[in-house]
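Turn these sequences into a full structure, and let the hints guide you.
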Amino acid sequence: KAGVTQTPRYLIKTRGQQVTLSCSPISGHRSVSWYQQTPGQGLQFLFEYFSETQRNKGNFPGRFSGRQFSNSRSEMNVSTLELGDSALYLCASRDENSPLHFGNGTRLTVT
Amino acid sequence: EDQVTQSPEALRLQEGESSSLNCSYTVSGLRGLFWYRQDPGKGPEFLFTLYSAGEEKEKERLKATLTKKESFLHITAPKPEDSATYLCAVWYGKIIFGKGTRLHILP
Numbered sequence: 006k007a008g009v010t011q012t013p014r015y016l017i018k019t020r021g022q023q024v025t026l027s028c029s030p031i032s033g034h035r036s037v038s039w040y041q042q043t044p045g046q047g048l049q050f051l052f053e054y055f056s057e058t059q060r061n062k063g064n065f066p067g068r069f070s071g072r073q074f075s076n077s078r079s080e081m082n083v084s085t086l087e088l089g090d091s092a093l094y095l096c097a098s099r100d101e102n103s104p105l106h107f108g109n110g111t112r113l114t115v116t
Numbered sequence: 173e174d175q176v177t178q179s180p181e182a183l184r185l186q187e188g189e190s191s192s193l194n195c196s197y198t199v200s201g202l203r204g205l206f207w208y209r210q211d212p213g214k215g216p217e218f219l220f221t222l223y224s225a226g227e228e229k230e231k232e233r234l235k236a237t238l239t240k241k242e243s244f245l246h247i248t249a250p251k252p253e254d255s256a257t258y259l260c261a262v263w264y265g266k267i268i269f270g271k272g273t274r275l276h277i278l279p
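Heads up: the sequence lines are chains A and B, in that order.
So for the first sequence, the working numbering puts the first residue at 6; every next one is plus one.
So for the second sequence, the working numbering puts the first residue at 173; every next one is plus one.
Among the hints, a few may not be true.
To be verified - Below are the SDA-like pairs computed for lysine to any residue, each with C-alpha atoms no more than 20 Å apart in a straight line: (1) B:Lys241 with B:Gly201; (2) B:Lys235 with A:Pro104; (3) B:Lys266 with A:Glu57; (4) A:Lys6 with B:Phe218; (5) B:Lys214 with A:Leu16; (6) B:Lys271 with A:Phe50; (7) B:Lys214 with A:Gly47; (8) B:Lys214 with A:Gln49; (9) B:Lys271 with A:Arg68; (10) B:Lys271 with B:Asn194; (11) B:Lys214 with A:Ala7; (12) A:Lys62 with A:Gln46.
Keep in mind the hints are simulated off the structure, nothing from the lab.
Structural data, given as structure tokens:
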């Protein structure tokens, strides 16, 4: 089985712009979660989608949003980018009652 | 507040020197605890799931244990290739992570 695929691998954006990140889960996995990873804060939970519905949400501002499509692929959008949004964004998929399986992330740099 | 704390933040060991990493948690309704390994530039790689106090899992030089308030990852006779960041995560509806332990094994 192919693993979790995230695109693009690297992005450089300017403050105030918006960005969309993409995630293709492992085939058959209906749950997709997004995490932000920074050196100071570690892995912080953004949100989880299951069958196109947001099931759980972390403590991030409304500038961070996501969605899931009927084929379980997911996108994450960040609007009005700030310097502090520079991070590695990780997507993970799972089957019910199984652990998360991660992609290799999208490295976002905001200048 | 629900939280996961890992210690130490960083650990340097000589090859062959055994040690333990700690993960303590304060969440209600724990459904499971996961251990992951993360190498630089990569996403976390799954190691173990523990579901209940007293449970133990082993894989090569690693053994994970779970009590009601904490988990330990024991590393026996580590090799340089065991150098990585080790993350624990608790599942209680959401899945939240600790900040990790950066492990460096010196040859």
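Status of the hints after comparison with the structure:
Taking the CA atoms of Lys241 of chain B and Gly201 of chain B, the gap is near 12 Å; set against the 20 Å cutoff, the hint holds. At roughly 18 Å between alpha-carbon atoms, Lys235 of chain B and Pro104 of chain A fall within 20 Å of each other, so this suggested pair holds. Proposed proximity of Lys266 of chain B and Glu57 of chain A is supported: the alpha carbons are some 17 Å apart, at most 20 Å. As the CA atoms of Lys6 of chain A and Phe218 of chain B are separated by approximately 16 Å, the hinted pair is consistent with the 20 Å bound.
Simply put, Lys214 of chain B and Leu16 of chain A have alpha-carbon atoms about 16 Å apart, close enough for the 20 Å limit, and the pair holds. Distance hint between Lys271 of chain B and Phe50 of chain A is fulfilled; the C-alpha atoms sit about 12 Å from each other, no more than 20 Å. A C-alpha spacing of about 14 Å is found between Lys214 of chain B and Gly47 of chain A, which places the hinted pair at or below 20 Å, so the restraint holds. Only pairs whose Cα atoms come within 20 Å are accepted, and Lys214 of chain B paired with Gln49 of chain A is accepted, the gap being roughly 16 Å.
Under the criterion of a C-alpha separation no larger than 20 Å, the hint pairing Lys271 of chain B with Arg68 of chain A is inconsistent with the structure, at around 24 Å. About 12 Å separates the Cα atoms of Lys271 of chain B and Asn194 of chain B, which keeps this hinted pair within 20 Å; it holds. About 16 Å separates the Cα atoms of Lys214 of chain B and Ala7 of chain A, which keeps this hinted pair within 20 Å; it holds. Distance check on the hinted pair: Lys62 of chain A and Gln46 of chain A sit about 17 Å apart at the alpha-carbon level, within 20 Å; holds.
The structure fails hint 9 only (numbered hints given earlier).
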